[in-house]
Each structure stands twice: as C-alpha cells, then as structure tokens.
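Novice: Chain by chain, the residues run as shown.
There are 4 protein chains.
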Amino acid sequence: MRTFECDYTEGVHPTVLAALTRTNMEQMSGYGFDPYTARAIERIKDACKAEDAAVTLLVGGTQTNMIALDLLLASFEGVISPETGHINVHEAGAVESTGHKVIALKSTDGVLDVDALEAYLSTFYADATHEHMVRPGAVYLTHPTECGTIYKKEQILRIRALCDRYEMKLYVDGARLGYALGCPENELSLSDLAALCDTFSIGGTKLGLLCGEALVFPKNAPKHLMSQVKRHGGLLAKGRVLGVQFDALFTDGLYEAIGKEAIRHARRIREVLIERGYPIAWESPTNQQFIILSDTEADALKKHVGFDLWGRADEGHWIVRFTSSWSTTDESVAELCNALPFRTALSDRF
Amino acid sequence: MRTFECDYTEGVHPTVLAALTRTNMEQMSGYGFDPYTARAIERIKDACKAEDAAVTLLVGGTQTNMIALDLLLASFEGVISPETGHINVHEAGAVESTGHKVIALKSTDGVLDVDALEAYLSTFYADATHEHMVRPGAVYLTHPTECGTIYKKEQILRIRALCDRYEMKLYVDGARLGYALGCPENELSLSDLAALCDTFSIGGTKLGLLCGEALVFPKNAPKHLMSQVKRHGGLLAKGRVLGVQFDALFTDGLYEAIGKEAIRHARRIREVLIERGYPIAWESPTNQQFIILSDTEADALKKHVGFDLWGRADEGHWIVRFTSSWSTTDESVAELCNALPFRTALSDRF
Amino acid sequence: MRTFECDYTEGVHPTVLAALTRTNMEQMSGYGFDPYTARAIERIKDACKAEDAAVTLLVGGTQTNMIALDLLLASFEGVISPETGHINVHEAGAVESTGHKVIALKSTDGVLDVDALEAYLSTFYADATHEHMVRPGAVYLTHPTECGTIYKKEQILRIRALCDRYEMKLYVDGARLGYALGCPENELSLSDLAALCDTFSIGGTKLGLLCGEALVFPKNAPKHLMSQVKRHGGLLAKGRVLGVQFDALFTDGLYEAIGKEAIRHARRIREVLIERGYPIAWESPTNQQFIILSDTEADALKKHVGFDLWGRADEGHWIVRFTSSWSTTDESVAELCNALPFRTALSDRF
Amino acid sequence: MRTFECDYTEGVHPTVLAALTRTNMEQMSGYGFDPYTARAIERIKDACKAEDAAVTLLVGGTQTNMIALDLLLASFEGVISPETGHINVHEAGAVESTGHKVIALKSTDGVLDVDALEAYLSTFYADATHEHMVRPGAVYLTHPTECGTIYKKEQILRIRALCDRYEMKLYVDGARLGYALGCPENELSLSDLAALCDTFSIGGTKLGLLCGEALVFPKNAPKHLMSQVKRHGGLLAKGRVLGVQFDALFTDGLYEAIGKEAIRHARRIREVLIERGYPIAWESPTNQQFIILSDTEADALKKHVGFDLWGRADEGHWIVRFTSSWSTTDESVAELCNALPFRTALSDRF
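Protein chains in written order, with my numbering: chain L, 4 to 353; chain C, 4 to 353; chain F, 4 to 353; chain S, 4 to 353.
Pulled out of the complex, with its shape left as it was, chain L reads as follows (with noise of 0.2 Å):
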C-alpha cells in the first residue's frame, strides 16, 4: 500500500544517486576538503546571488536549527519562535539543551504573528525588570511553516525591520523550503531570503537527499565555523557525502524541478482529496495538505492508503497529513484515486 505519511518515505533521487555511485571510489579529504563540497558551496552560492557567503553542510534539520541559534546567538540570550515552531515542538529541546531559551508567541496556522511580536517586543523593553527577562537575540522562522503555509514577503519585511530595531537575527528554518519556491504564490526567493536573513537553511533531505541541509551565512560569516559545527557533532568524517548530493541537487536546476514538480502533484492530490468529499482543514500551498476526519473515519482509510495523524482537531477528529514529495510521480497520484474511498463510504461503514 503506497503511503503519502511524510516526504521522507524514500531514498535518494535517481540523479543524486548516481552521482555518488559515479564518485564512490575517487579518494578525497575529509570533512568537506574535498572538490565537490566546494563546488556545492559554489553553486548554492550563486542560486542565492549571495557571493560572499559562508555555506556548511550539515547531516540534519535539528541539528542545523541548533547550530544555527547556537551561533547566532549570544549565550544569555533566547530565540522567538512561533508556538507551532519546529524547534519549540519536536526536536526534543535540542535549542534548550544549548542554553538558550525558546520564546514562544502565538501563531496562525504555523505563520509567526507579526503584530504579537511586535507587541511583544515593546512590552518586554518597556518592562523596567527586563535585565531579569531573557533578551530575545533572534526571531525563528520556517518557511513553509509546519502547516504548509508561507509567508508573504511584506511579512518578512516587517520581521527584518522589527529585528533590526531591537538588535535581533533572523533565521528561517528552510527544511521545506524548495517545496516553497515550487509554488506560484511564493514571493521570496533564495536570493530575497539571502538579503533578509541572518543566516537561513536550505533542506536537503525532505527534497530528495539521503540526508543533508545547507547552512547559509549570507554576510558576517561565523569565526571557526568548522571547530563549532565540530564542537556539536556535526562535522561529518566524508564530507563527500553531503557535497558530491548538494553538487547534483544545484545542477541544471534539479532542486527547482523537485519543488515546482512535487507542488504540481500536492495541487492533485488536494482536487482528489476535496472530489471525494474530504474537508480541508486549511488552505496549504504547499506539499503538505490536511483534511479532517473523525477517528472511526481516520481508521477506515487506513486501510487503503498511508497518511499521518498529524494531529488532534479535537476530541473525535484527527487532522490528517497526506505529503507529496521529489518521489510522487503521477503514477502514484493515480493510485490515490484508485484507492481513496468517497468519504462518505467511509462513515458508512460504522
């Protein structure tokens, strides 16, 4: 049974896939001395107009978000992130676990609430006892959110200038973020995001890597950065690994097909999903789409396709995820319709 639970389900994209075949035996330095990391860094470079960059290849999405705040931040200080934050939810207080605290502030389906931060900030300074208060040192961001959703580029424009005007960074999570730039609504590009960030993530393994996410400093590299992505067991033995998938990924414009190719399936499975009567919990322009269905509902359709119980809608529903991905093909999108029952069917049959 074919399963649409996440966009992580598979492998390795064919293309990437051979090229570290291609390269498997060539020996290279360690620890990303090695000719095809500094060509990824090249190229993910010029997909950002960013040439003074500092780029870093790193194995995984918490471990970027940790080292990411760990060093943009100062020791004392904390980073806002929205409730719904992946940083703030499911990864398992690894922010916390390197002293720095996690200020979370309302959200709307996953998008930071510009005005609550705003309110935020001005109440926290004019608070005469805020010396006691954890300073917020740095906004977080994901883009898409962990409801599929994206920000508008006037949103991050007033998040910039909000941190500017009280001294903070601003770093967006990009785990997702290809599955963004594939969507018409998109306004922010990784050229946009280099001018306005502080330091911003480039998801590589929900976008067809085994594993992998570029670290993008687009100005005021960090000092030693290599010895602090070392400090936190992320400096990989074979570099090679992560620079030989980025390489192929940022070549003839395959990271861009994954996105724009993976958001043409998620808008089929949505038309599919609403055609055979489920509702949608709310609009998503990305790969991720959620519906609603009661538990007994939830229970039925698993029995003919995979999905994720991504959450509680309340007691007696679920909100439920179905995922496109770089491997949805339009094959597999076809067996959803072969397989996905009229919703009504399913309260039938209880």
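It is worth saying that the hints were derived from the structure and are not from the lab.
Since the model is a prediction, treat every value here as computed from it, not as a measurement.
Just so you know, not all the hints are guaranteed correct.
Per the computed footprint, the stretches of chain F lying under chain L, defined by three or more beta-carbons under 8 Å from a beta-carbon of chain L, are [as the list claims (entries may be wrong)]:
1. 4-16
2. 41-51
3. 91-98
4. 201-214
5. 233-247
6. 254-266
Derived, one-sided and incomplete: chain S residues facing chain L with beta-carbon distance under 8 Å [unchecked claim]:
7. Ser78
8. Arg138
9. Lys233
10. Glu338
11. Cys340
All C-beta atoms in this analysis are idealised placements derived from N, C-alpha and C, irrespective of residue type, glycine included.
Based on these hints, arrange chains C, F and S on the given structure of chain L.
Specialist: Below, chains C, F and S alone, put in the same frame as chain L:
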C-alpha cells in the same frame, strides 16, 4: 518617604543580626561544616517533621531554583511551570542555562491550572511523536505565587497524583513560603510540603535574612549534593553566614512569627487601600496586595509613598503592588495611612 | 597519485552501495522505524552475543562519543580519558559542550596507563576535598587507539575492576574497532566488549560506510534513548540510510572480512616501509602505520604518495601515518611499492 | 584550640560589621540599585584608577570565575589554566558546566610556566587539525596562586603579549589579591591589573567580608551584564549586603591595611615554624605558609594547633598549610608560638 515596593528593602531581622554579631569571631570550618549550619538543618528538619531529609543552605532564589531543578531532572527533561512562574519569566533563563526547557502552561492568578496540566499530560502521551518532544520531568510551583495567591491542599494533591502517574517530580519554590504559612487560609504546612514534594525551598531572604534559601529534599537526598551545589557556583565559603542566620530564624518560632505578623500588616494595608477607594486587582491572602491605577494616578501616588509598578493591566493602567514584610511595623502602616490620599484626589489633580 | 592518508578517503563499500541502491525506492517510515534498521540491530546484537542490548545507529564519531558519555554520566560527573584520547584532543570540546569535564591521564602510545588510573582514583578519594573536585563517572578508551595500538584483555579487566570499585561506567570508542578485531594479536571480541563495557561503539564510517556508528548498550538501555539522541541533533530523518548500511555490513561476515583484509594490507605496507628504510615510530598491529621523517624528507616524499602528517616528533621531524582500509587492494599496495623511493633517496636530493 | 587552617574561619571584619549594622534598617532597592553599591563601585574604580570600568559585586569565588569566563569566552572556546589552577581542580567542574574546556598547562608552584604557554600556542596553531581542537580563548591566572606564590610583572607582561598575539582574553582570579598587594615583593598594583587584564576579581571573602567578590572589567563592559549574572544565579536580591561591605572595605584604606597586616603575621608565623624546626615546603611571600610533615608528625601536631592538610607530598608525608588573615592578631600568633612544639618532639612521641 517610606516604600512598600517589595519585601526585601531592609537588611536583616534584629534577632538574626544579633546572632551574626555574637558568633562573629568564633573560628569555624568553611563550606557548611560548622555547628550552626548543622543545628539549623536539624531545626528545619524538625519544623518539617522530616527526619530523613537532606537540607542544603543556598544564597539566592534563582540559584536555588536552578540547582533544585537540575538535580531533579534528567539531562533531557523539562519542567512544567505556570506561565507566570518565576523560572519562566524573571530568572533570565537560568533553568535553560542548565539545558532544561521550561514548559509553560496556563495559569490563573499565578496558580497552575490543574485541569490544564492534566490535559497537557494526556495529550502529550497520546501523541505518537512525543519522543520528539521534551519529556516533562517535573512540575514547578510557587507557594505563594507571584500574584500573592496560594494553592489549596486539594490542588497540590491532584498535582502530586499527576506527578506519580506520569513519573514526574514536584518542586515547590517557597521564596515567600513564610507568608503563606502565616495566612489563616493556608492549608499547607511545612510537613505537608515535606510529605508531598520531592523538594521544596524555604526562603529566608524575603523573611528577614540578609540572604539565604533552604532547599529541602524530604527523602532520596541527591548523591554528592555538595559537589553539585559547588558546580553551580552555589557553595558559600563561609557557610556559617547561612547557618547562623537559619539557626536563628528557626529558633523560638521566629520564622512563624514573622509570617503571621506580616500578614496582619498586609490585611491592614488592604483595608487602608480599600478605604481610600483603590480598586483591588485580585484577592491575595498573603503579604502582596495588588491594586489598579491609571498611569496618571500612579504618577501622582508615587509622590506620597513607594510601591511597585508590578505590570501593565492594559494600555493606560498599571497593576501596582504594596508589600508587607518582616520589617513592617504598626508605625510604618500608620505612616502609609497618613500618606495615602483618597484615590479621587489623585485623579482630581490632573 | 594514490593517498594512504586516512581510512575514509573513498565512499562506500560496493556491497553496501548495492544495498542502498536496491532499497532506494522502497517506502519506509523515518527515524529508524524501518525494517532494515530493525534487522541491522538484530544482526549487531547477534554479533555481540548480547540479546538484551539496546543499539542505536548514529551518523558520526564525535556525535556518538558526546551522546554516549552524556547518557552515561550524571550531569556533574566527568570522564577519565587518556591524554591522547579523541574526546580530549580532536572533538573541539564536544564533551565539555554537554557540561562534562574530560579528566586527562597519562598514556603510553594511546593506551591508558592502568597504574596511573589506579593511582589517580586512590589519590582522589583520599583527598578530603574531593567533593570540590569533579567526580570521575566514567572511563573512556579507544580500541584501537589513536596510535593504532590495542588493549590487552588483562588491561581491560583491570580497568573494569576499577570501574566497579569506584562506581564508574566504561565506554569503549570503537571508531576503528573492526581493524582491531582483524588483528591476530587482538584479545577482545565483540562479545567481550559487550560483557565488559557499559556501552561501546562499532564504527562504520572507517569500515566502509558512507557514515554511521552503532552505539551498543549491552544491558541497562537508557530511558528515552531516541529522545536523548534527538536532543543532541543525532536522530536521522531517513534512518534507513544507517539501517540499510549496517544491515549489509553485518551480513555474511562483511564487517569481519573488511577488518582482516585491511590488516593484511597494513602488514604489507609496514614491510614495504621497512624495506625502503623508513624508521617505524612505534609498533602498531592495526591499520595505521607510523614512521618518522625529517621535514625535508616529508616534503620530498609527498611528491610520490599521499600520507598524513600525524604530528610532530620533535622540532625538525614529523610522525607520518600510512593507513590501510576497506578500500585498500593488492593493486593499491603494489602502487605504493612502485611509488615509494628508498628513504636515502629522499635525503640525497637535498 | 586556635586554628590557622584557612583565611575564612571568622565572620566579618568589625568595621564592616558596624557598617552592616548601621545601615540595616535603611530601605533600599534590590539587585544592586542601592547607594552603597554605587559608592562601593566608585571606590573600587578609584582604587584601580579605571574610571571606565564596569564592576559587578558577586557572592562567591567559584561563581565569580564561572561568570567571568563565560562572559569572556565565545561558546566554543576554552580557557588555559595552570594545572594547579582553582578552576581546574577545586571548582567541581563549574567552568565545564558552562560548556568551556579548561586546558591545563604545566605550572611550577602554582605559577603558569610562560614558556610552556608559548610552546602550547605555537604548537597549536602549527597543527593543521587545530580547528578540530578547542580554541584557547582566554588565560586564567590566580594572583596569589593556590601555592601562595605571586607573579612577577614581567611574567604578566609576557602573558599579556601572548594574549594579544593569539587573540585571547586575560582573567586574573584575585580571590586572595589583597594578600599579594600586601607583600613588599609584589610588583602588580590594582591599576596594573586594570591595565593588563580583560577582567579580574578582587576577593572580599578571604579579606574580611561575610562574602563577596568584585569583578572588574576595566574596559569593554559586557553587554547586559546584570542579565548575564542573573542567568548564572549570581544576582543577589539584597545587593546592599555586598554594596555596604565593599563600600566599607574600600574606605580609609581598610583593604590595603588588612593585606599588609596579614602579611606581617604570616612572616612571623614563618619564623616561628622555622625556629621550631619545621621544613618549609617552598617559599611563599603571601599569607599561606607551607611545611612538610610525616603522617605521624601531622597526627601529633593537630593536638596542639589547627592547620590544613593541603595535599600529599609523597606517600607518608603531607604538605601542611598555616594561614594568616584579616582576623589574625599578635595575640593569636603568640598563641601559636606557645602551642607549637619543636618538631623533634612530635617524632619522639612515636
């Protein structure tokens, strides 16, 4: 001009000062290996009816909280706190500096909402991804709370039961504990806390000491407690400074007497405030009394008496705090009476 | 030009690459909940004769060491390491980043001096101030060591006995373990390690994987292991990448075969070096061979073959390392034979 | 029986106690916002001839060291210390608890060997793998040292030059600084330290305060210093306790007078020890005097006078410490004279 801004505006209770003076030139070993510390610990254990307890004397409240929680929690665990909790707001991230997340839950007037706690825990463990989330390893409470309110015994019993069910520790921050114990409404004695908590603190700083908090582990004393305290910078060379003070504080009922007397004064302060037309923000049975003033009223009042701008009620209004303490006397309350204008007079002037 | 600088210059063993390729488009759950990870763990437990073991698959060596030690140690404890130990020298402070002191003791050729260990411990506990000092909570060893040497069983038994006497854990870092197991001189099998250690690692990166270390807890699996791994940024989204690789590595004796074959090549390399007049720095039975060259000799030799400038012998001389690995072949050793000048020729040229 | 075991066996200097008593019932703001703290800081800046300095008053020595170093170091940097340094031996891993490695170098009688420091640094940066190692970000010294010895000005100048060359900070732990300043041999004044250090501490606890260390940043005050102190549990609610004490200590030359007088007594103690035949372990110009006794001699002597078993000289012999302090008087030294048997008498009895 007299101030009622907080309960640590004066130095040390005269009886305690006399003990410090009397013992000053006695030669004693450092680090708590002096006879006064030994005797203080015995007196505290007696007061708690906890003969198996381990007690360590520490200098300050934030230090006590961070040490207590770091000792109770496994390295990867977090602590649940009401969102108003001191560790969540006013300790500059001390708990996070030791690697632990503070998981903030809804509170009403400083009291942790037990229903919200129960809902949080059942939702947490129902979530299939909870191993990606920070395991709650302890519950943190203040008694009295930052809002001057106190827990009912039934609330603590329910929290204890949830701690047992979900394998969590219970820590009660008693920075102002004496002012709860001094309330007729208080249902929780020192021996109740010893029976129900994994650890709790008995604050001395706000009860008339120069500095000093006693941290009580009623059973299961942590291994190498002294070494752990030292590692956090909490071991005082001249341990006698704490030992002599706590010995005096727990002699002849001084601690209890201070609490009761301050509550008597707090109630008189409350009466005076009401008499003069000041609106009580919420009911507090302890030594902190809260009223609401417009910004202009607050500006006018501060020419007559000292108080604390505790926080914003809304745009245009402050929550204002008046505090009694060990150092409050009938004379100082009479001074307040004389100095305090009728509220209407404040507004009239503008 | 061929290099023998280290044992991770190539990608992945062809058999393992075939397994990755074969399983690439299978849909699997993430985070290690895939059938290959499950089977890999069973195979590793079988190889260790440790059916009650918990095994977790991690990406890199530094990450494995910092996680292993953070799980073994209480927050206030430190770890004893030979002064040459990888955690003490070449991990950029990863262990200290988790709050633990590395207590460095004398070593001879990488091997912890057991007499020095015993003396340290008896002195430590005889010191009346030892609660002011960092309690040693674990002993860290590498087998083989950074110098290519290996422990005798009797040494490990003595260390184990000291660990028992002084309530310490024993962790063996097996980043190159396969190259010890492949030596005729080696006295410590996987099942010996499982019987004697609290935890140990089985390195894959240097034994032919793209990346991957297996961390084995023979008994007393840590609670919430996955959550703790996640907190340190060590949980791979596509856990299959490690699962498929370790499954292949522990199938049909591949791991053992790799070790034995590399040792056969190392011995031939050693012979060649001696034949050509290079002075052996010290005897190493494993895959790393060390010679001493003057600076001018080293400069001349690097035009012929790649090697590692391992460290300074003294002013004017280098300790130089040649390494065999899973990727070494009779052909590559023959290439070395052809390329390697007689040592006198190097000096003659200057 | 009188003891000379350490310099913190009594409470507080009578002049300081009088100041505490005199100001006791004055109402003051907390957290150091009181006039005595302000005045103490001005007096300390004057004494250091450092008008741009930031000064913060802290409770204890370990706390001061961990805060000072955490403020000076980037998160990934370590601190170089002589192997005998207090932070390396007797602070229970407090520095490591903040994530920083202590890099221990050879020392002679407590003094960092400047040649060893220079060799370490040049070797470190010559090592091609040094980004895998912990970058030394600061040098830590004690003056006087744990062995009672002091630095020559030329040594500090060389260390400062190395700090400048290798971009490191210099921190001098002055827990007993007053007892160096009181020595005729001392070449380093408070203003020299202010000119040469990035930060240094002026210990009060061992110079006659109940508790208290002043941490001086001669220039480049850390941002949000109060918040950082709070985060480490180092902010005292009743900051007046430190302010009033330091104000008194730095009034009318009390601090200098205490140091000089204690040194006068230390020299008389040294004479007495020599007269009675006790072998001096090494020369110390400051308030700590060290002799060597066999175990049986030590057992016998402790029936006559209190002293500290400082450490083992070898199996069978102790290094024994006698200490003068602010509380030593001509009478107490006379008591020692009367109580101290000739050394031969000790051995005769066994």
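Novice: Now, for every hint given, state plainly whether the structure supports it.
Specialist: Each hint, compared with the structure:
1. Coverage of a stretch by a chain is defined here by at least three residues with a beta carbon nearer than 8 Å to that chain's beta carbons; for the region 4-16 of chain F and chain L the count is 9, and the condition holds.
2. Counting residues of the region 41-51 of chain F whose C-beta sits closer than 8 Å to any C-beta of chain L gives 0, which falls short of three, so the coverage hint is violated.
3. With 4 residues carrying a beta carbon less than 8 Å from a beta carbon of chain L, the region 91-98 of chain F meets the three-residue requirement, and the given coverage holds.
4. With a cut-off of 8 Å between beta carbons, the region 201-214 of chain F has 4 residues touching chain L; three or more are needed, and the interface restraint holds.
5. With 11 residues carrying a beta carbon less than 8 Å from a beta carbon of chain L, the region 233-247 of chain F meets the three-residue requirement, and the given coverage holds.
6. Only when three residues or more bring their CB closer than 8 Å to a CB of chain L does the claim for the region 254-266 of chain F stand; here the count is 0, and the claim is violated.
7. At a threshold of 8 Å, the smallest CB-CB gap from Ser78/S to chain L is about 6 Å, leaving the interface hint in force.
8. Contact between Arg138/S and chain L, as hinted, is supported at the beta carbon level, the nearest pair being about 6 Å apart and thus within 8 Å.
9. Interface hint at Lys233/S: satisfied, since its Cβ lies 6 Å from the closest Cβ of chain L, which is below the 8 Å cut-off.
10. At a threshold of 8 Å, the smallest CB-CB gap from Glu338/S to chain L is about 49 Å, leaving the interface hint violated.
11. Interface restraint check for Cys340/S: the shortest CB-CB distance to chain L comes to about 52 Å, outside 8 Å, so the restraint is violated.
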